[in-house]
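4 protein chains.
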Amino acid sequence: MKAPVNIGIIGVGRIGKIHAENIVSSISQGRLKAVADLNLTPEIEGWAKNLGVATIVKEPATLLADKDIQAVLICSSTDTHADLVVAAAKAGKHIFCEKPVDLTVAKVAAALDAVKKAGVKLQVGFNRRFDHNFRRVRELVESGAVGTPHLIKISSRDPAPPPAKYSAVSGGIFLDMTIHDFDMARFQAGSEVVEVYAAGAVLIDEAIGKAGDVDTAIVTLRFLNGALGVIDNSRKAAYGYDQRVEVFGSKGAAAAENDAPSTVKLSNESGVIGDKPLYFFLERYQGSFIYEMRAFLDAVIAGKPTLVTGEDGLQDLRVGLAAKLSLAERRPVKLSEIPLK
Amino acid sequence: MKAPVNIGIIGVGRIGKIHAENIVSSISQGRLKAVADLNLTPEIEGWAKNLGVATIVKEPATLLADKDIQAVLICSSTDTHADLVVAAAKAGKHIFCEKPVDLTVAKVAAALDAVKKAGVKLQVGFNRRFDHNFRRVRELVESGAVGTPHLIKISSRDPAPPPAKYSAVSGGIFLDMTIHDFDMARFQAGSEVVEVYAAGAVLIDEAIGKAGDVDTAIVTLRFLNGALGVIDNSRKAAYGYDQRVEVFGSKGAAAAENDAPSTVKLSNESGVIGDKPLYFFLERYQGSFIYEMRAFLDAVIAGKPTLVTGEDGLQDLRVGLAAKLSLAERRPVKLSEIPLK
Amino acid sequence: MKAPVNIGIIGVGRIGKIHAENIVSSISQGRLKAVADLNLTPEIEGWAKNLGVATIVKEPATLLADKDIQAVLICSSTDTHADLVVAAAKAGKHIFCEKPVDLTVAKVAAALDAVKKAGVKLQVGFNRRFDHNFRRVRELVESGAVGTPHLIKISSRDPAPPPAKYSAVSGGIFLDMTIHDFDMARFQAGSEVVEVYAAGAVLIDEAIGKAGDVDTAIVTLRFLNGALGVIDNSRKAAYGYDQRVEVFGSKGAAAAENDAPSTVKLSNESGVIGDKPLYFFLERYQGSFIYEMRAFLDAVIAGKPTLVTGEDGLQDLRVGLAAKLSLAERRPVKLSEIPLK
Amino acid sequence: MKAPVNIGIIGVGRIGKIHAENIVSSISQGRLKAVADLNLTPEIEGWAKNLGVATIVKEPATLLADKDIQAVLICSSTDTHADLVVAAAKAGKHIFCEKPVDLTVAKVAAALDAVKKAGVKLQVGFNRRFDHNFRRVRELVESGAVGTPHLIKISSRDPAPPPAKYSAVSGGIFLDMTIHDFDMARFQAGSEVVEVYAAGAVLIDEAIGKAGDVDTAIVTLRFLNGALGVIDNSRKAAYGYDQRVEVFGSKGAAAAENDAPSTVKLSNESGVIGDKPLYFFLERYQGSFIYEMRAFLDAVIAGKPTLVTGEDGLQDLRVGLAAKLSLAERRPVKLSEIPLK
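Residue numbers (the working numbering), protein chains in the order written: chain A, 8 to 348; chain B, 8 to 348; chain C, 8 to 348; chain D, 8 to 348.
Keep in mind the hints are simulated off the structure, nothing from the lab. Misleading hints may appear alongside valid ones.
[As the list claims (entries may be wrong)] Sample of chain C residues facing chain A (criterion: CB under 8 Å; computed from the structure):
id	residue
1	Asn46
2	Ala208
3	Ile225
4	Ser241
5	Ala245
6	Tyr246
7	Lys258
8	Arg338
[Said to hold, decoys possible] Pairs of lysine to any residue, SDA-like flavour, derived with a Cα cap of 25 Å:
id	chain 1	residue 1	chain 2	residue 2
9	D	Lys9	C	Ser32
10	D	Lys258	B	Ser277
11	A	Lys243	C	Thr155
12	A	Lys217	C	Glu290
13	A	Lys311	A	Asp120
14	B	Lys258	D	Phe288
15	C	Lys24	C	Asp90
16	C	Lys9	D	Gly59
17	A	Lys65	A	Thr48
18	A	Lys56	B	Ala10
19	A	Lys106	A	Asn13
20	A	Lys56	B	Ala61
21	A	Lys56	A	Pro11
22	D	Lys114	D	Lys348
23	A	Lys56	B	Ser33
24	A	Lys258	C	Lys9
25	A	Lys24	B	Met8
26	C	Lys9	C	Ala309
27	D	Lys243	B	Lys124
28	D	Lys243	A	Gly281
29	A	Lys56	B	Asp305
30	B	Lys124	B	Met8
31	A	Lys24	A	Pro166
32	D	Lys24	D	Ala167
33	D	Lys74	D	Arg142
34	C	Lys24	D	Arg38
35	D	Lys97	D	Lys114
36	A	Lys106	A	Ala152
37	C	Lys243	C	Glu290
38	C	Lys258	D	Ala267
39	C	Lys56	D	Ala267
Ideal Cβ positions, reconstructed from N, Cα and C, are used throughout, including at glycine.
Taking the hints into account, I'd like the entire structure generated from these sequences.
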């Protein structure tokens, strides 16, 4: 396929808008031709026109019927993802789908089947793989500088918890938050998770506990290649968004620290004071959204596999489900206990 | 004036192109309507069309005659700046002029007169004032966190020297390189320079010495408010672009360290190894070019003074000329020795 | 009791010698009066005379019979600790005992009983509580700056593994290495461990695996106060001794990074290169050995409880035994499963 | 000569006491045999007896007459240094003399003559050469890692100014404070200073200005090998003692940052807060006093040149005098303007 690729976006809420604006401003491999949103407000229409979008529609089906569109970005609500992946695949479109594809293995597996049959590309929106810091860690691992990986450590803490009722919709902390870390751990380890042990606690908001979820967790992973992994999560870090990754191996360790708005240090009678980390994922991962989109379009144009496949999304989900089971049954859970389909 | 402002760019070499692309991709207050370049190649025409530029001409005069254009960016070669400022002012355009306006006080002063008479805005392209790190230092100074400034320290080292013959055209290290640091020093001190002492050496490239310039320098500044300043320069830092600023005052110090591509540290048998600084000014000051353009357009729209005035440009030039004189005569030079007109 | 306290040291191998030299050079509260060592070589005699030690004997009993001695340091091999604690307590001496008191709960409990009956002080040699970095973390926690602790994170990696056969004598990684981290975790959490889950792997030396031990581990802790803890261990970090502690709580986080021989950074074409951490525990914890001894003598002189009690030693041992059981049975183990006596 | 060397200390004020205690506690190459102090209080006698000093006298001459003493440390007031060096040399003692030997070139030169004639060793107390950070910088320079030195940068700021009247006795900022930095600059450059330009200001305490001194300064140095140097000084840094050194050369840069009491960072809503630097020279240079004494005694024992010679002391003084002249006459001063004798 030749660049630029004609793109349609289904769902232009916060993340859909970010992709749209990035494509227009910073991504030469794609051209934003259409947007579809079931909740098509005048505000959205104005915003889309201003970006030069030719086709602005309500129904995803209308957008999928457009022969000129070669790739679609599925940015609608999670419960619509799997069906839209199937529909887009049947329409012969290459697909970028925000994470997660679905909260059930069965629906994800069915969607992947449809993608496979249609022979289209699918990339799942685990954008953190494209972050400048975490890519650099991975490069060092791949270069051999770290040696054989022994430990994968991830700190992942949000600046503020979502409303407690969000847990019900999202599948809980392991499926809406830690799932990013599971994907990062698999990415950095270069290996699949075979066992999960999750310890959790409700330390921030009792309502989260009442909703059946935890807000603080430590998850231990065992990988097929023998390495161990550990993730610590909190729904609320007073100092902002804490996103660190470390890979420790036989030859050394590569560790990514947080990003901050500036490098400035103020030295005074109180100490030496630096900036807090960038506030949340929109600030921290700003660049990664551009890089993931370029990578998706590069894969489409070159006819090569995407860098975050549907299979990755499925595995991340299974690790998340294993973590939920581990927490519920207070025991390590083998990934083989979680169905593949 | 209402946003967006219609903009014409005169000269679309490297820096002109950066401004053009930033306006299109990232600056909502302006619309790029025209470009003029005396060396109008098919490559430039293709590039401009792709950006959606309506008017693509050779002669600056043609662009300046366009009634729809409200602001011009002068990005042509330095020797044309002053005349173009005068012409643009006469045409009633608001002006963003790349630094320096000219290498002589007389021509700069004449250009500023023309601007004043025409009542248009002028912003000079000292982009570093808009850098995220250096703005943060200035914010801390203005907030009083540093107290009364006593010392302004700047390290400013390039990754590689320009060709030796460049010195003849550019006016030498103090007028093409250190002038940025003079502007930064005045910005951070919040005060004017009254005395300059420059020590220089040729340690990198003998050809630079033969061209009558130095490649390594330490410049001491005395400010009207009593503070002292010091700048160290090198044309060649083996580790890349070194750009640090520190303001030390009665209550503490604010210091900006270098930016790097990532925060990753590799720990191995050799030590703990972090990234080199971002390579050169295009990488290091990428964001500042956007912020300076937004600030210019905000000033135009709001009818307020620009944040880097023509007077700033003139003072920076006088400090540079004082440094040259100091180096030549091996003595401290009072700024009052350099003519105002 | 009045300072200085007369001290006898039983066992002057590596750690006994360190305490002896510290007392002579840096500790005003104590006076080194006697040493006993079953393996009394001429080298040891020469070393002790040079330090000005008055009494140099072979048998601990001889030293314990000396009425002038008020406090003993038990620095002999681990298998002799518990019996010597009992003997010293019966002799009415205050006791500093290197860790661990014993590898069995029964013998430790019996020794603590003897100490209690005799009414003497006992401090166990968990020196890391006295480290400048970790004390600072604890101070911040106690000051309330971190808020309620939610997560205690410890990285603890040695520069080189001990001989595989050492595991048999030492009780394995959880009792000879991680036990320090268990003590640190309890110290920082200010709470007792109630549940332990240990994941382990043999990634460095197969002989360690054959000896029934692991060389790489991640241990999850649950504390009585609700906080979670996690420790990662490796027997071999290519870059030296890695000793970091972080306490994350409702108001923020306090994190101690490694110490290095210097603060110097070399910037060159390869990057920005800092020192590796201090090599191993003798270098890293040099200061802590002095502080723990001062604290012991201060407690003796003031008649106050020691800062690392026999009870601490017992609890650390129980956590270690729980970790061993968890690893063996691949399940989380409640501390209540480990006997108290 | 054989270790340990018998040592006498003349003058046991603050720095004399530090050397005495270091010798007793940490320096195996020397034995403290005698102290002399014109102001011999009961407090000093008690302190000396407690250290095991055999000979405690008032008159330096008494100490110098002791045949058993092989080396003396001159730690009395500055105005007595030169005469005591001469007397000690005549008595055939090796000499460690606190800086400066004198504030006049003539007296220093005469003292050096006496030392030369007597064939004894002389080390001057520029202890910072023995600091762990600055030695590491020098090692990197000597290893070639930095390439040919181009710039030597030193920040040297005290936490609090001395009383204004101190300037009269001390010779002013350049002779009591910056002289350490001149020595450091010469040490790091591996070359002699040939020209000095000093800019100064009174920004902290007007009384210092009235006493004819400055409290804030920037000094530019030119070295024989072509390198440039710059020192910034302040008598009062709100955040404590600021002691940084950077050597920039053709292959890279080596930079020493401040030391702090701990590596701990507190992250909270206000930012990421680290410790202030160690408070003042006693804390910051604690280790260096031990290393300089070991080096002196090693030189005495091995019959080799000391690492900070009398010639170094003389040159540092001449640079200081050149800085004073430069400040007074507001012009760069060549070192050749300052007499050698």
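Each hint tested on the structure:
| no. | hint | in the structure |
| --- | --- | --- |
| 1 | Asn46 | violated (37 Å) |
| 2 | Ala208 | holds (6 Å) |
| 3 | Ile225 | holds (5 Å) |
| 4 | Ser241 | holds (6 Å) |
| 5 | Ala245 | holds (5 Å) |
| 6 | Tyr246 | holds (5 Å) |
| 7 | Lys258 | holds (5 Å) |
| 8 | Arg338 | holds (6 Å) |
| 9 | D/Lys9 with C/Ser32 | holds (23 Å) |
| 10 | D/Lys258 with B/Ser277 | holds (18 Å) |
| 11 | A/Lys243 with C/Thr155 | holds (13 Å) |
| 12 | A/Lys217 with C/Glu290 | violated (49 Å) |
| 13 | A/Lys311 with A/Asp120 | holds (18 Å) |
| 14 | B/Lys258 with D/Phe288 | holds (20 Å) |
| 15 | C/Lys24 with C/Asp90 | holds (21 Å) |
| 16 | C/Lys9 with D/Gly59 | holds (21 Å) |
| 17 | A/Lys65 with A/Thr48 | holds (10 Å) |
| 18 | A/Lys56 with B/Ala10 | holds (17 Å) |
| 19 | A/Lys106 with A/Asn13 | holds (22 Å) |
| 20 | A/Lys56 with B/Ala61 | holds (19 Å) |
| 21 | A/Lys56 with A/Pro11 | holds (20 Å) |
| 22 | D/Lys114 with D/Lys348 | holds (8 Å) |
| 23 | A/Lys56 with B/Ser33 | holds (17 Å) |
| 24 | A/Lys258 with C/Lys9 | violated (52 Å) |
| 25 | A/Lys24 with B/Met8 | violated (29 Å) |
| 26 | C/Lys9 with C/Ala309 | holds (8 Å) |
| 27 | D/Lys243 with B/Lys124 | violated (48 Å) |
| 28 | D/Lys243 with A/Gly281 | holds (22 Å) |
| 29 | A/Lys56 with B/Asp305 | holds (24 Å) |
| 30 | B/Lys124 with B/Met8 | holds (19 Å) |
| 31 | A/Lys24 with A/Pro166 | holds (22 Å) |
| 32 | D/Lys24 with D/Ala167 | holds (22 Å) |
| 33 | D/Lys74 with D/Arg142 | violated (36 Å) |
| 34 | C/Lys24 with D/Arg38 | holds (21 Å) |
| 35 | D/Lys97 with D/Lys114 | holds (16 Å) |
| 36 | A/Lys106 with A/Ala152 | violated (31 Å) |
| 37 | C/Lys243 with C/Glu290 | holds (17 Å) |
| 38 | C/Lys258 with D/Ala267 | holds (24 Å) |
| 39 | C/Lys56 with D/Ala267 | violated (37 Å) |
Violated hints, in rising order: 1, 12, 24, 25, 27, 33, 36 and 39; the structure is consistent with all others.
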